[in-house]
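*Asks:* Throw the hints in and build the complete structure from the sequences for me.
There are 2 protein chains.
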Amino acid sequence: MTRRAGAAIDEAGVIAGYTTYVDLIQDRIKGKEIIATTMKKEVDRVIAAIDAALSGKKCALISSGDPGIYAMAGLVLEICRQKQIPVARTACDPVPENGLRVEVVPGIPALASAASLLGAPLTHDFACISLSDLLTPWDVIEKRIECAAMADFVIVIFNPKSRKRNWQLQKAMEIILKYRDADTPTGIVQNAMRDRQNVSIIPLNGLDTADVDMLTTVIVGNSTSNTYLDFMYTPRGYSEKYDF
Amino acid sequence: MTRRAGAAIDEAGVIAGYTTYVDLIQDRIKGKEIIATTMKKEVDRVIAAIDAALSGKKCALISSGDPGIYAMAGLVLEICRQKQIPVARTACDPVPENGLRVEVVPGIPALASAASLLGAPLTHDFACISLSDLLTPWDVIEKRIECAAMADFVIVIFNPKSRKRNWQLQKAMEIILKYRDADTPTGIVQNAMRDRQNVSIIPLNGLDTADVDMLTTVIVGNSTSNTYLDFMYTPRGYSEKYDF
Numbered sequence: 015m016t017r018r019a020g021a022a023i024d025e026a027g028v029i030a031g032y033t034t035y036v037d038l039i040q041d042r043i044k045g046k047e048i049i050a051t052t053m054k055k056e057v058d059r060v061i062a063a064i065d066a067a068l069s070g071k072k073c074a075l076i077s078s079g080d081p082g083i084y085a086m087a088g089l090v091l092e093i094c095r096q097k098q099i100p101v102a103r104t105a106c107d108p109v110p111e112n113g114l115r116v117e118v119v120p121g122i123p124a125l126a127s128a129a130s131l132l133g134a135p136l137t138h139d140f141a142c143i144s145l146s147d148l149l150t151p152w153d154v155i156e157k158r159i160e161c162a163a164m165a166d167f168v169i170v171i172f173n174p175k176s177r178k179r180n181w182q183l184q185k186a187m188e189i190i191l192k193y194r195d196a197d198t199p200t201g202i203v204q205n206a207m208r209d210r211q212n213v214s215i216i217p218l219n220g221l222d223t224a225d226v227d228m229l230t231t232v233i234v235g236n237s238t239s240n241t242y243l244d245f246m247y248t249p250r251g252y253s254e255k256y257d258f
Numbered sequence: 015m016t017r018r019a020g021a022a023i024d025e026a027g028v029i030a031g032y033t034t035y036v037d038l039i040q041d042r043i044k045g046k047e048i049i050a051t052t053m054k055k056e057v058d059r060v061i062a063a064i065d066a067a068l069s070g071k072k073c074a075l076i077s078s079g080d081p082g083i084y085a086m087a088g089l090v091l092e093i094c095r096q097k098q099i100p101v102a103r104t105a106c107d108p109v110p111e112n113g114l115r116v117e118v119v120p121g122i123p124a125l126a127s128a129a130s131l132l133g134a135p136l137t138h139d140f141a142c143i144s145l146s147d148l149l150t151p152w153d154v155i156e157k158r159i160e161c162a163a164m165a166d167f168v169i170v171i172f173n174p175k176s177r178k179r180n181w182q183l184q185k186a187m188e189i190i191l192k193y194r195d196a197d198t199p200t201g202i203v204q205n206a207m208r209d210r211q212n213v214s215i216i217p218l219n220g221l222d223t224a225d226v227d228m229l230t231t232v233i234v235g236n237s238t239s240n241t242y243l244d245f246m247y248t249p250r251g252y253s254e255k256y257d258f
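So the sequence lines, in the order shown, correspond to chains B and R.
Residue 15 is where the first sequence starts when you use our numbering, and the numbers rise one by one after that.
Residue 15 is where the second sequence starts when you use our numbering, and the numbers rise one by one after that.
Because the hints were derived from the structure by calculation, they are not lab data.
Restricting the straight-line Cα-Cα distance to at most 16 Å, the calculated cross-link-like pairs of lysine to aspartate or glutamate (EDC-like) are: (1) R:K54 with B:E254; (2) B:K255 with R:D58; (3) R:K55 with B:E254; (4) B:K54 with R:E254; (5) B:K55 with R:E254; (6) B:K255 with R:D147; (7) R:K157 with B:E160; (8) R:K55 with B:D257; (9) B:K55 with R:D257; (10) R:K157 with B:D166; (11) R:K255 with B:D58; (12) R:K54 with B:D257; (13) B:K97 with R:D257.
Now the stretches of chain R that chain B is said to cover, found in silico as 3 or more residues with beta-carbon under 8 Å: (14) 15–24; (15) 50–63; (16) 76–85; (17) 109–120; (18) 130–139; (19) 161–173; (20) 236–248.
Even glycine gets a Cβ: it sits at the ideal position worked out from N, Cα and C.
*Replies:* Right under this line is the structure:
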């Protein structure tokens, strides 16, 4: 956690978040008002957080990773726009009447923590794709996988599988295999930086049977990605230009 | 900076980095041995850092943002592989004879800090592309821009322009405009979280004349990205499924 994120939590009287994440910082938020809701209750949670802030309380809406990457910061702005709540952006601006000041505090996104545990797979162009088709039609997701594979992006896959969504990852693998070698290094990171952390590097064509769940980030290398010992990395191109 | 990154710097006897970044943390590294080199001397710098570590010194190779995203972590592994230097990955593994232990400490990548200053443009699938053709052929870059635009990824553009590379950004804009509306919100962030920070949101078709340099991150919205007051955000899709 950065110092700014810690300070924002400490300054807040109200903490809103997904139950699992609230539990992770229990010791830090003792005595504060808590708005904790489960999965699929994101809209209720964000509305409750906005209402708390409108009532004059400082409210920290927490995420794991970065709050702006596949997370709640967008929904805050979407709801404020829908309800036409005036919002100030910076600490220099006064809080508008009947309005809010919103600060998005960046964090270490899952893509960066997963990459760091694998080595350095993201040192060149990459695309991030969520395989969850709860809010996005599958044909849009499939087109993104196809285009990312075609253009030789390193591909970061979020939400690869859940109990109910069990076929999307295999389908993604099949699409990528049209453009990449079967042995393309593919990193699998479960529970990055948490209990039960698990890191492995497998060939792309083993992805369909890999041990993967909702809390797993998958990183498929591009055509130049390589492994060395227990590491996976993507060259930036220095070896083409310099001798070493 | 995270606590882990701060601790890694404090524990190190040698600090290696691009001169500009070394200067940014001068107060923290007083009295330490410094390996500072300028741009285009990345290979020399990393080799010097590896040599220092092989001589038994703890060495911190610093980056701004995240060291694994378009940064030096990959080059460390590439050079270790080339020179067949044995490398241990975790603190639990013993340091191999004539070898190293490498820990990649994740940071807040520029894409996350830029996004946080704009609002929440990255709450859905996105692609990151560097426009620098120093190490990557332009046709590869152009194909990536085309595919990312075609698949409606939010597009994060790094290294948009320098004194010598002055036509790539306009070309990128023209390609993206084949697939997206002229008024697609486009965020421009210079010197994120540093002196002379500058944040603006413009329509996509104004990108060619925008004030942009090497230290600028550009984020082009997807077909659903929107603005509200001074913010830019990309909906995740909640409003299609829930009333609010």
